[in-house]
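Colleague: Since chain A is already given, all that's left is putting chains B, C, D, E and F on it; use the hints.
Chains A, B, C, D, E and F, in that order, give the protein sequences.
Mind the numbering: the first sequence is residues 0 to 248 in numbering that gives the first Met the number 0, read in order.
Mind the numbering: the second sequence is residues 0 to 248 in numbering that gives the first Met the number 0, read in order.
Mind the numbering: the third sequence is residues 0 to 248 in numbering that gives the first Met the number 0, read in order.
Mind the numbering: the fourth sequence is residues 0 to 248 in numbering that gives the first Met the number 0, read in order.
Mind the numbering: the fifth sequence is residues 0 to 248 in numbering that gives the first Met the number 0, read in order.
Mind the numbering: the sixth sequence is residues 0 to 248 in numbering that gives the first Met the number 0, read in order.
These are calculated hints, taken from the structure and not from any lab test.
Values in this document were obtained by computation on a predicted structure and should not be read as measured data.
There could be a bad hint or two in this list.
Since the list can't tell identical chains apart, any single copy or any two copies may satisfy a pair.
[Claimed, not checked] Only pairs whose alpha carbons sit at most 25 Å apart, straight line, appear in this in silico PhoX-like list of lysine-lysine:
1) Lys188 to Lys18
2) Lys243 to Lys153
3) Lys153 to Lys188
The primary structure of each chain is shown beneath.
There are 6 protein chains.
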Amino acid sequence: MLLHLSTWPEIATRLEQSKAIVIPIGSMEQHGPNGFIGTDALCPEIIANHAEKSAPDDILVAPTFNVGCAQHHLGFPGSITLRPSTMIASMLDWTNSLVRHGFEKFYWFNGHGGNIATIEAAFSEIHAQRSFDPRGEDNRPGLTLRRVNWWDYKSVETLYKQLYPTGHGMHATASEVSVTYYAYPDHQKSDVEMSPKIAPVGRIGDAVQYRADFPDGRIGSDPTQSNVEDGRKLVEAAAEALLKDIARF
Amino acid sequence: MLLHLSTWPEIATRLEQSKAIVIPIGSMEQHGPNGFIGTDALCPEIIANHAEKSAPDDILVAPTFNVGCAQHHLGFPGSITLRPSTMIASMLDWTNSLVRHGFEKFYWFNGHGGNIATIEAAFSEIHAQRSFDPRGEDNRPGLTLRRVNWWDYKSVETLYKQLYPTGHGMHATASEVSVTYYAYPDHQKSDVEMSPKIAPVGRIGDAVQYRADFPDGRIGSDPTQSNVEDGRKLVEAAAEALLKDIARF
Amino acid sequence: MLLHLSTWPEIATRLEQSKAIVIPIGSMEQHGPNGFIGTDALCPEIIANHAEKSAPDDILVAPTFNVGCAQHHLGFPGSITLRPSTMIASMLDWTNSLVRHGFEKFYWFNGHGGNIATIEAAFSEIHAQRSFDPRGEDNRPGLTLRRVNWWDYKSVETLYKQLYPTGHGMHATASEVSVTYYAYPDHQKSDVEMSPKIAPVGRIGDAVQYRADFPDGRIGSDPTQSNVEDGRKLVEAAAEALLKDIARF
Amino acid sequence: MLLHLSTWPEIATRLEQSKAIVIPIGSMEQHGPNGFIGTDALCPEIIANHAEKSAPDDILVAPTFNVGCAQHHLGFPGSITLRPSTMIASMLDWTNSLVRHGFEKFYWFNGHGGNIATIEAAFSEIHAQRSFDPRGEDNRPGLTLRRVNWWDYKSVETLYKQLYPTGHGMHATASEVSVTYYAYPDHQKSDVEMSPKIAPVGRIGDAVQYRADFPDGRIGSDPTQSNVEDGRKLVEAAAEALLKDIARF
Amino acid sequence: MLLHLSTWPEIATRLEQSKAIVIPIGSMEQHGPNGFIGTDALCPEIIANHAEKSAPDDILVAPTFNVGCAQHHLGFPGSITLRPSTMIASMLDWTNSLVRHGFEKFYWFNGHGGNIATIEAAFSEIHAQRSFDPRGEDNRPGLTLRRVNWWDYKSVETLYKQLYPTGHGMHATASEVSVTYYAYPDHQKSDVEMSPKIAPVGRIGDAVQYRADFPDGRIGSDPTQSNVEDGRKLVEAAAEALLKDIARF
Amino acid sequence: MLLHLSTWPEIATRLEQSKAIVIPIGSMEQHGPNGFIGTDALCPEIIANHAEKSAPDDILVAPTFNVGCAQHHLGFPGSITLRPSTMIASMLDWTNSLVRHGFEKFYWFNGHGGNIATIEAAFSEIHAQRSFDPRGEDNRPGLTLRRVNWWDYKSVETLYKQLYPTGHGMHATASEVSVTYYAYPDHQKSDVEMSPKIAPVGRIGDAVQYRADFPDGRIGSDPTQSNVEDGRKLVEAAAEALLKDIARF
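Only chain A is shown next, with the shape it has when bound in the complex (with noise of 0.2 Å):
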């Protein structure tokens, strides 16, 4: 079930079977020369999308949480962050809207990994409401709050590893690029030229150093191989493995 296409008596009757529910999460930042700017929210998005159509019943996927942490690719035009204290507070108050529901248990399903940090510090924040009770333990329920980056899954890691066995790269990747072009097929950039083929690597700090230390955006890959035809086989790798982590969850 898709939360945002589904009624409220659809939900309240979904919560008799299962308290748990998979969010999608993400950012909106550039992602090189031929990488949509929506590329990390898109992605988990995409895959929970596919997962949901395959097993309708088996999977409870919320709306996308589209704009995490990108301070530091504010260099680059489109790209959109939230502080970390901001982000905190909504994942909060998203948490705790679904826990006034009867919601238990939070699969962050994860984009971007410039969000693992502070999607860890927003778990620590939302538990402290209950560990910080003077009884030891009030009347809210126990929380499981999970984070998952599509790209762990060890079926995808072996996948994207033997597609791309140069130029995978960390930023604007050969192999997320290749899921959004299988998605928006007729969004592909499939004539821009880059220089260096693979991108540099180094440290990320603020958005100035960024930009001078990785001049089109990339880091460590070469996106001209995305396609859709990788696109396609990466969506179904990790829509399965979601599958299968959820019913485990």
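Modeller: Relative to the frame of chain A, chains B, C, D, E and F by itself:
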């Protein structure tokens, strides 16, 4: 252009022509027995995307700000809210990010009546950054911040009054449900019965009061009238009005 | 009763009969060449005090929340604003304090159009404390939060339209200046000339833009029409309407 | 001049002569069996207004910051408090607004002992905006922030010790009740009996503890001694001292 | 006991006997030409540790809250400050953590005059959690929050006045420098000359003003008098006073 | 140099040579039956101080940021946590203070795995001050923000794997307990028995869950192996690695 499906060099080019951006903003909240929880986020997104498809060079559409002010709907499963203070902080961050790139005109295209107050409050918070400058004018640019509800365009208002002379309503309206059915026809809930046929009207307070006064979630509406064809008309009318408004912006 | 001129045992007694309180809320901002900076705080205060004087047992009036949302007026000396996030926090604290004592009905009696959005946002923030409760209903009481602008009473609207068929305006209105002249006749500015006689109208943005577009501060008004006698009529009409509204509250 | 009864051009003119402003600041809290809830806000307001009346060109008085730190009084109906963090944010906004216009000297004229800590904390928060500047001195002006309690003027202290050799007290003092009776003689509570005649003294903690230790709200005082004539003397002495202090400011 | 050198089972056992804890709180700020930047944090830490060593069963000492309110010292390299709002939030978190374990009595043992206001403000913020409870008394325990400056013990005051009849001063005092020299004799700066011998006195504002008015950082003191032997006497006197005070707490 | 034992003129001189500072950062939380509550703050402090002692001119060590993210340990008496949002605000204030003096390179030397996420989030929050600048580069300097865990140095990792081939663990590790025993040999808890000898491993959630799953607080470790001699080796290896790393910083 859709920001999330564009590359950063494309946005850089776009900024040379226009400093304006359209941001669909909605809510994730119950919409009665046959409306999607995502209705208020989907409507402005559907309309903006329709406009963009018909005139891609004339409009830049940001990703949807998809969770808004819905505390009064928390009595119904699936509803998600931000506290107004969180929403203000988020809108501030979105704006400051885009201002960094040179954007100066922000057209928040709204799908939820309950968002209006907080959006306007956020505008004051954003403007206060410049208004508080000790010298009277800092080196921030003056910003144009506009909020427009899609149902307020003259042509749209005329249309929905004609389509639904009775039972259009105030929440889970016949028109908004039609708009989402047009975009997601496979998810239509066509056989839902409602009683009373036209929902009651009244005041809105907190979640407990709302659920007691409006037991199935609707206010004043009969959305059993909603259908794909009406949705098409509404979307086309609204998209046309949006493009005209943006041309003048 | 006036809360600030009452003792705590008097308020304790009052609470046995009524859990309602009226809170005048205004702003501290320029009101053109002949209007007081305090106009928007003074108007609801004057009217509420008048009502209280005529029927002290029927109404409990809190001290005035006298600084509100006025960032757009900061181009004019003397204007003072809260950021909306600060105003929300303050209204939350006022409310939580009064809830502690048993108050459940809050009638925010407003004197400033620019406050409306933030007051409504604050209501959501206040309600969210109860709506976010994991059990669906905590042991907080349900609160009735109402905002009423003094100029929106039917009888008042009829009166000011009759008194000022032209040049009533939107900011530094003829009627609000009259109300303050009635209460503070010694402070009248009777010899101020204005040009144009009726001020321009337009959109409101930040402080720099406002000062540029509305050079003497007024919007659409000719407050040279204002006088003590009109003020008396307006105050009496509004006070009567307030008492009737409170009786139904 | 009273800011709230002045026009913006009058304030603009005033700023050419003086960059100083007096802001009465108080609290809304129980003051025992015969003291007004507004006592702490009323006292500095009454004194400042008296000073202004006698020498309108020598002083500019802002509207009263009328709700302060009163959490320990919340056990008594009618008391209203800000959390210190909210009060700091509010004082910051008031100051930043006035700095925008060119004010540089802020004389917070205080009526509540419980405000002292938070006022001083707010001063640090305000100064930190300039002190945190990476260049060591930003383009903000240096601000003079002063807090003065009206009862600390030498002449006032001498007077109240002479008027009330016993039972002046620390909360709901004989002198502050007299000041308010002088200004609002019709609201005097002249027949209230108190037992013990002089209230106990002790430490102040939270609201539950305060109510238990000081059952009628007073600390160390016998305000049955209060009267209009004493109030007149106190107001005149304090107003004179205020004007002298401002002349040196 | 020292909390940071204890195990959790030891603290569990301790809580069966006493719900009190001593928290040294200081600041990290310049202390003139021969005083350590850490002076204000070190003094209460040194004294508390000395007390603990002499009577380990009679006192539980927390780790030092070592950065406080020092914005006015930011003109001098090495000074570190929290904004008061941050300090309040931190003290709230420390307290809520310890309340979770059963602590109810908090003795903040202070080494910095500039902390006093914010510590007191934090106490109000902490108490407000219980005072805001709608039922008048929630299930939080009543807390005893105390702030004591180490130099305010009668015996200590007598001693430093005797040791330093002139030039004790207000900042970078002769006594506090002696206390740190006693604990860290190897770090003494014994050959520093100062001019004037006794530093000037005056008002404290922001960092720019402070540096201009007090060029070497001292206020009213001559810390060239400081020495290890005086430090020993001061530490012993203060530690003894602390233990007595805690026994009564 | 140790910042807290230096004078401000010494720091001023130091800044002429280096703009780098090392800040030990830890946590105050249970460390099993024989580990100190302060372990995570003590370890980086001990190591940094050891490094400083051996090469005082090569390193500047700040006071320890001694309370971090420990909400999951609140089930065990003595643990103290900051909420991540508070920790971010504190780190921001520390940084802004030091930037005021000219520091540009911040080496946060970490002793607690649970801090990693929030430290990284704080870095984004700090950088956002410059990244949000409307002109793309404000007059703040670019900052180098680095986090290093003391146990991640290659030489240290090799050493603890050799010292503790089994039962090193993840929390209350054999190596960290040894480090603190080396520094505080008198506080060793040498006769504590643990069962099972090697603690269980598992996921970390909130405080209630943690205490249920890890009843004595340890995760995966057998710290009965810890001893002073191992601690000496670890401290020496880590201090040497720290100095080398700082030389390259």
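Colleague: Checking each numbered hint in turn, tell me which of them this model violates, lowest number first.
Modeller: 3
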